[in-house]
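Asks: So the protein sequences, as listed, match chains A and B.
Using our numbering, read the first sequence as starting at 48 and increasing by one per residue.
Using our numbering, read the second sequence as starting at 9 and increasing by one per residue.
Just so you know, the hints here were simulated from the structure itself, not pulled from any lab data.
C-beta: ideal position from N, C-alpha, C; glycine also.
Among the hints, a few may not be true.
Stated by the list, open to error - Distance ranges between label pairs, derived from CB positions:
(1) B/80 to A/200: 40 to 50 Å
(2) A/156 to B/81: 31 to 41 Å
(3) B/67 to A/183: 22 to 32 Å
(4) B/80 to A/174: 27 to 37 Å
(5) B/78 to A/183: 20 to 30 Å
(6) B/66 to A/193: 34 to 44 Å
(7) B/70 to A/185: 41 to 51 Å
To be verified - Listed next, the in silico SDA-like pairs over lysine to any residue satisfying Cα-Cα at most 20 Å (straight line):
(8) A/178 to B/34
(9) A/178 to B/39
(10) A/88 to B/75
(11) A/88 to B/62
(12) A/88 to B/77
(13) A/115 to A/77
(14) A/183 to A/116
(15) A/88 to B/39
(16) A/195 to A/156
(17) A/115 to A/178
(18) A/88 to B/74
(19) A/88 to B/67
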Amino acid sequence: MGAAEDYRLYVRMVYRVCLGILHDEAEAEDAAQDTFVRYLKGAFKGQSRLSTYLYTIATRVCLDRLRKLRRDDLFRERWQQMQETSGNSETQSDKLVLAAQLLADDQMDPDDIHIAVCYHVHGMTEAEIAKVTGFKRRTVGYRLARFKERAKTRAGETS
Amino acid sequence: MKDPMDTLWQDGHPSAPQLDGYGLGEFDGAVEQQLAAHVAACPACARRLEAMLNFSAPAAEARILATVQEELLRRQARRRSAFGISAALAAVIALALLVGPQVLDLTGDSTPDTTPRPLPSAVRLKGAPVNLLLYQLRPDGPHLLQPSLSLELGARLQAAVTVAAPGHVALYDVMSDHVALLAANPQSTVQGVRPGSEWPLEPAFELVSVEEGERLVLLFCPQKFAPTDAPTTPAAFATWMPVSGCLRANRLFRPETGEAVR
C-alpha cells in the first residue's frame with residue numbers, strides 16, 4: 048500500500064471495524080487514524096494479507112481505547128445501555144459487550160481479549176491470529192480457552 | 009447457564025477480514041473462486057459482504073485519509089531531511105577523505121590524475137533508482153569525474169556514498185534513525201549484511217584524485233538524466249539542478265580539522 052488510492056480502499060474498512068467495536072463515530076475516526084499511523088510505522092512485513100493485518104491492528108487500537116474510556120463514567124454508562132438493549136440476541140454486539148465487560152476485569156490479560164475478539168468477532172482462525180500477532184498457535188489456543196473460562200465466570204456472575 | 013461462547017460463530021464461514029479482502033480484490037485464483045462460491049451459496053455471508061460493501065461514511069473517511077496523507081507527508085519530509093543531512097555528511101566525509109590526503113601538502117606540485125578508473129555501468133540494488141554523479145570544478149568548468157552510477161535502492165532506503173578506505177566507495181542505507189553499511193568494496197568491513205550477495209557492488213570503483221583548488225560536487229538524483237547537459241561555466245554550474253529532487257554536496261571539509269576545503 049503506498050498510493051493514496053490504496054489507502055482510500057482500506058480507510059473505509061478500518062473505520063467500519065473501529066465503529067463496530069467502539070460504537071462512537073469520533074472515537075472510531077481517531078482509532079482508524081491511529082491504526083494507519085501504526086501501519087505507517089512499518090511493522091507490516093507481509094506476514095498476512097493486508098486486510099487481516101489492519102483488522103488486527105484496528106482491533107487492538109480500539110480495545111486499548113475502550114480500556115481507557117471505560118474509566119470515563121459516561122462511556123461506561125453507554126456500554127451498560129448497550130448491554131441491556133442487546134439482551135441475549137445473537138449479535139456481534141453481544142460479543143463486543145462481553146469483551147468490553149471483560150476489559151474492565153483487571154485479571155484479564157489484554158492480549159487474551161484481543162485474541163478473543165479477533166477469533167469470536169472477526170471469525171479469524173487460530174492460525175491466522177497466530178500469524179498476524181506473532182504468538183504461537185498453541186498460545187493462541189490457550190489464551191482463547193482462558194478467555195472463555197473467564198467469560199463463563201463473568202456470565203455466571205451477571206445472570 | 010448458557011455458554012456465552014455459544015452465541016459466537018466461527019467455523020464454516022470466511023472470517024470478516026477474508027470477506028473484506030475478497031471485496032477488496034485481495035484474492036485471486038482458487039481462493040477467490042472458493043470465496044465466490046461460498047458467498048453465492050451462503051445467504052448470511054452474502055449479507056455480510058453486502059453490508060461491508062454498502063458501508064460508507066464519506067466525511068469520516070475523508071478526514072481519516074487527510075490525516076493519513078499528512079502523516080505520510082511528515083514522514084517523507086523527515087526522510088528527505090534525514091537523507092539530505094546524511095547524504096551531505098556522507099559526501100563531505102567521503103570527499104574529505106578522498107581529498108584530504110591530496111591536500112595535506114598544500115604546496116605540493118603533483119600532477120592531477122584525473123583518469124577515470126573502470127566503473128560498473130550500473131549497480132542494481134533493491135527498489136528505486138538513485139543516480140550519483142561526481143563533478144570536479146576546474147578553472148575551465150565542471151568535469152564529470154565518473155559516469156552516472158545507477159543504484160536500485162529499497163523503498164525505505166536512501167543512498168549515501170562514502171569511502172571505507174581512501175579511494176574506495178561504500179554504500180550506506182540511511183534509515184530514519186541509523187546508518188547501516190550495506191555494501192562496500194572487498195577491502196571494506198561490512199556489517200549486518202552479506203557482502204556481495206544482497207547488495208552486490210562488485211567491483212568497488214575508485215574515484216580519481218583531486219588537487220587543491222579543485223572543488224568537488226556530488227549530486228544525488230532520483231532519476232536518470234543526461235550528465236553531459238551540465239553547464240560549462242562555474243557560475244551556472246553553482247546553481248544547476250539537473251532534475252528536481254536532486255541533492256548536492258558542495259562543500260568539503262578536512263576530517264582532521266573540520267576546515268573547509270576550497
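Asks: Below or equal to 20 Å on CA atoms is what counts here, so check residue 88 of chain A against residue 77 of chain B.
Replies: Judged against 20 Å, a Cα distance of about 14 Å means the pair holds.
Asks: Run the distance test for residue 178 of chain A versus residue 34 of chain B: straight-line Cα separation, threshold 20 Å.
Replies: 18 Å, holds
Asks: Could you grab the alpha-carbon distance between residue 88 of chain A and residue 39 of chain B and see if it respects the 20 Å cut-off?
Replies: 30 Å, violated
Asks: Would the pair residue 88 of chain A and residue 67 of chain B pass a check requiring their Cα atoms to be no farther apart than 20 Å?
Replies: Distance of about 25 Å is beyond 20 Å: violated.
Asks: Is residue 115 of chain A close enough to residue 77 of chain A, meaning Cα to Cα at most 20 Å?
Replies: Roughly 14 Å separates the two Cα atoms, so the pair holds.
Asks: If I claimed the Cβ atoms of residue 80 of chain B and residue 200 of chain A lie 40 to 50 Å apart, would that claim hold in this structure?
Replies: At 45 Å between Cβs, range holds.
Asks: Verify the proposed pairing of residue 183 of chain A with residue 116 of chain A, using a straight-line Cα cut of 20 Å.
Replies: 30 Å, violated
Asks: When you take the CB atoms of residue 156 of chain A and residue 81 of chain B, is the distance between them in 31 to 41 Å?
Replies: For residue 156 of chain A and residue 81 of chain B the Cβ distance comes to about 38 Å; the hint holds.
Asks: If you draw a straight line from the CA of residue 88 of chain A to the CA of residue 75 of chain B, is it 20 Å or shorter?
Replies: 14 Å, holds
Asks: Do the beta carbons of residue 78 of chain B and residue 183 of chain A sit within 20 to 30 Å of each other?
Replies: 38 Å, violated
Asks: Can you confirm whether the C-alpha distance between residue 88 of chain A and residue 74 of chain B stays at or below 20 Å?
Replies: 17 Å, holds
Asks: Is the Cα-Cα distance between residue 115 of chain A and residue 178 of chain A 20 Å or less?
Replies: 27 Å, violated
When held up to the earlier numbered hints, the structure conflicts with 3, 5, 11, 14, 15, 17, 19 and fits the remainder.
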